[in-house]
Amino acid sequence: MLKSNAKYHLGQVLKHRKHTFRGVVFDVDAIFSNTQEWYDAIPEDSRPAKNQPFYHLLAENDESYYVAYVSEQNLIPDASGGPVGHPDLPDLFGDFEDGRYPLHFQLN
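In our numbering, the protein residues as written are 1 to 108.
Treat the hints as calculated values from the structure; they're not laboratory data. Hints may contain errors.
[Said to hold, decoys possible] Cut-off 20 Å, straight-line C-alpha distance, at most; resulting in silico cross-link-like pairs (EDC-like, lysine to aspartate or glutamate):
#, residue 1, residue 2
1, Lys18, Asp40
2, Lys18, Asp45
3, Lys15, Glu72
4, Lys7, Asp78
5, Lys15, Asp98
6, Lys18, Asp98
7, Lys7, Asp40
8, Lys7, Asp45
9, Lys50, Asp40
10, Lys7, Glu37
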């Protein structure tokens, strides 16, 4: 049996360690669950280990909004204290409060 503990939680605002984007966690995979093609597109010297949590983020940078898929090792909490402007946030979360977004729906 695989045992994995996610460091971050749904609704938390995080930023990438190396790239200039931040986002809100809306889903977590216990281990890598994307395609091999996606993984192979990452330069070999930058590829994260697959046996760690991967996070789905509603992400933003200075130019656009998008969905990002990022390994735990490449994320850190965003200390800016500000909200994220992604237009899909209201579909999943309530208003930004105390540095996070509360879920709008009940999880199973």
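Here is what the structure says about each hint:
1. With a C-alpha separation of about 19 Å, the suggested pair Lys18 and Asp40 falls inside the 20 Å cut-off, and the hint holds.
2. Taking the CA atoms of Lys18 and Asp45, the gap is about 14 Å. The hint holds against a cut of 20 Å.
3. With a C-alpha separation of about 11 Å, the suggested pairing of Lys15 with Glu72 holds against the 20 Å cut-off.
4. For the suggested pair Lys7 and Asp78, the alpha carbons sit about 14 Å apart, so the restraint of at most 20 Å is met.
5. In summary, the hint linking Lys15 to Asp98 is supported, as the alpha carbons are separated by about 17 Å, within the 20 Å threshold.
6. The suggested pairing of Lys18 with Asp98 is violated, with an alpha-carbon distance near 25 Å, which exceeds 20 Å.
7. For the suggested pair Lys7 and Asp40, the alpha carbons sit about 25 Å apart, so the restraint of at most 20 Å is broken.
8. Restraint check for Lys7 and Asp45: not satisfied, since their Cα atoms lie roughly 24 Å apart, outside the 20 Å limit.
9. A distance of roughly 12 Å separates the Cα atoms of Lys50 and Asp40; the hinted pair therefore holds under the 20 Å criterion.
10. Our distance criterion of 20 Å between C-alpha atoms is broken by Lys7 and Glu37, whose separation comes to about 26 Å.
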